[in-house]
Amino acid sequence: MIVISGHFNANRLAKYYLRRNGYPLMSVRTRKPNAMMLTGRFGVRYVAPAYYRFLDAIVEDEIQLQDRNLGVSLLRRLRDNGIVNIYIDSSASSEWFWVPFLNQERRFAGGFVRIAELTRAPLVPMQCLGNSSGFEINFGAPIRYTGKVSSEDFMERLMPLVGQLESWILAHPTQWELWTRPNKRLKK
Amino acid sequence: MGTMDTPKQTTEKVNSLAGIREAILDTMARRLHFEDQTIEQFRLNGRLDEVMAADSILVIELVLMLEDHFDIRFDPEHIDAELICDLDRLTAFISKAQSGS
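Taken in sequence, the protein lines are chains A and B. According to the working numbering, the first sequence is numbered sequentially starting from 1. According to the working numbering, the second sequence is numbered sequentially starting from 1.
Just so you know, the hints here were simulated from the structure itself, not pulled from any lab data. The structure presented is a predicted model; accordingly, all values stated were derived computationally and were not measured. Check each hint, because a few of them may be wrong.
Stated by the list, open to error - Anything over 12 Å on all C-beta distances counts as not near chain A; from chain B, calculated:
hint, residue
1, GLN37
2, VAL51
3, ALA54
4, LEU58
5, GLU82
6, SER99
Stated by the list, open to error - Quick list of the computed label-pair ranges, beta carbon to beta carbon:
hint, chain 1, residue 1, chain 2, residue 2, range
7, B, LYS96, A, TRP98, 42 to 50 Å
8, B, ASP36, A, THR146, 53 to 61 Å
9, A, ARG19, B, GLY100, 50 to 58 Å
10, B, ASP71, A, ASP153, 26 to 34 Å
11, A, ALA57, B, GLU22, 48 to 56 Å
12, A, ARG41, B, ASP71, 27 to 35 Å
To be verified - Facing chain B, from chain A, some residues (calculated, C-beta under 10 Å):
hint, residue
13, MET26
14, VAL28
15, GLU62
16, LEU65
17, LEU70
18, GLY71
19, VAL72
20, LEU74
21, LEU102
22, ARG106
23, GLY110
24, ARG114
25, THR119
Every residue gets a Cβ at the ideal spot worked out from N, C-alpha and C, and that includes glycine.
Bound conformation, chain B alone:
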């Protein structure tokens, strides 16, 4: 039985918020195989739950994928579905986590 695990991506240290934002979208497209149209809609309106059904499995998958990609850890106290679905908040959160503050 073959697994669908994609090769582990190298951790990126992206400094600017715009860079992090693009890295999030790029990672979602590559590793979760989101369609271009979905990514574009998410980029424009910034709300994942308005673009697609953000069910519990997807939220878990996104958290784990972003942790792996950005080499960060989502503090259990600070994660909720709202954070994962809001591109601006998510970008700011990752930026803060990367800077270690």
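Extracted from the complex, chain A is given alone in its bound form:
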């Protein structure tokens, strides 16, 4: 199955918990320094690499978006009845769409929907809230697709998922990480 989530603070914590309880999730992430680390040469040269070394040490089972074996790795995991985690609010993909989101137009990648269409793996929404003092994981009903749709019809599949993410953010605005990231994904 493909577990879809947003960039919420408790996401990694939830995945750590699930892994320790016998449900390892392979995550897809992009390896780009975020805004906080781009403040000066010190940030780029020392802070960002140290941060990624730290992540590599504590986060298991991640595959980078830039990895050329990403597709086959995802397919392999899904065929083994494994679980893959992809962010709804990721914008990195060869196919992306402008979608109304939080009163603006934001770029969303449609890759996870395409993978679900091709592999027939169910999409399961996962909302992770809280912090290391206490957290909760809420799963939504699985969504299954039959076949690949055109780019025009694709929006009908993507929109409800973006709407779901939006409702999570509006209910728990302080827990969404991407407020603080650069808004390259927003339409000017």
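Chain A is fixed; fit chain B onto it per the hints.
This is chain B only, laid out in the frame that chain A set:
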């Protein structure tokens, strides 16, 4: 909402490597709607990633399509992006898979 699934192709048992190679290219053209020019470039230089961006979605789509078309199964241990992007390796792999060895 209509789907874009093409009608399932009949499984072809192609014996020669050249025949498999042509069947791969033909299947990609018909089912993934690759342009003639792209197919021709892939035929000539044998590297998909030099002809177009072979992203993860395309790789998954190619694997599933080739499995369906040739009635084979890509062993998870043996598939990687390099195999999918290299026409000669892919042809040899399918030939071996079809012969069941």
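Checked hints:
1. GLN37: 19 Å, holds
2. VAL51: 15 Å, holds
3. ALA54: 8 Å, violated
4. LEU58: Since the minimum Cβ distance to chain A is about 7 Å, LEU58 of chain B lies within 12 Å and the statement is violated.
5. GLU82: The claim is violated: GLU82 of chain B sits with its nearest Cβ about 8 Å from chain A, within 12 Å.
6. SER99: Its Cβ never comes within 12 Å of chain A, the nearest being 23 Å, so this holds.
7. B:LYS96 <-> A:TRP98: 42 to 50 Å: 45 Å, holds
8. B:ASP36 <-> A:THR146: 53 to 61 Å: 30 Å, violated
9. A:ARG19 <-> B:GLY100: 50 to 58 Å: 38 Å, violated
10. B:ASP71 <-> A:ASP153: 26 to 34 Å: 30 Å, holds
11. A:ALA57 <-> B:GLU22: 48 to 56 Å: 49 Å, holds
12. A:ARG41 <-> B:ASP71: 27 to 35 Å: Since ARG41 of chain A and ASP71 of chain B have Cβ atoms about 57 Å apart, the given range 27 to 35 Å is violated.
13. MET26: 13 Å, violated
14. VAL28: Hint holds; VAL28 of chain A Cβ to chain B Cβ min 9 Å, cut 10 Å.
15. GLU62: 15 Å, violated
16. LEU65: 8 Å, holds
17. LEU70: Given a least distance of 4 Å, the restraint on LEU70 of chain A holds.
18. GLY71: At 3 Å from the nearest chain B Cβ, GLY71 of chain A passes the 10 Å test, so the hint holds.
19. VAL72: The hint holds - VAL72 of chain A has a Cβ within 10 Å of chain B, the shortest such distance being about 5 Å.
20. LEU74: Holds. Min distance 7 Å.
21. LEU102: 26 Å, violated
22. ARG106: Result: violated, 21 Å to nearest chain B Cβ.
23. GLY110: Nearest chain B Cβ about 9 Å off; hint holds.
24. ARG114: At 5 Å from the nearest chain B Cβ, ARG114 of chain A passes the 10 Å test, so the hint holds.
25. THR119: With Cβ-Cβ at 7 Å, under 10 Å, it holds.
Checked against the numbered hints above, the structure violates hints 3, 4, 5, 8, 9, 12, 13, 15, 21 and 22; every other hint is satisfied.
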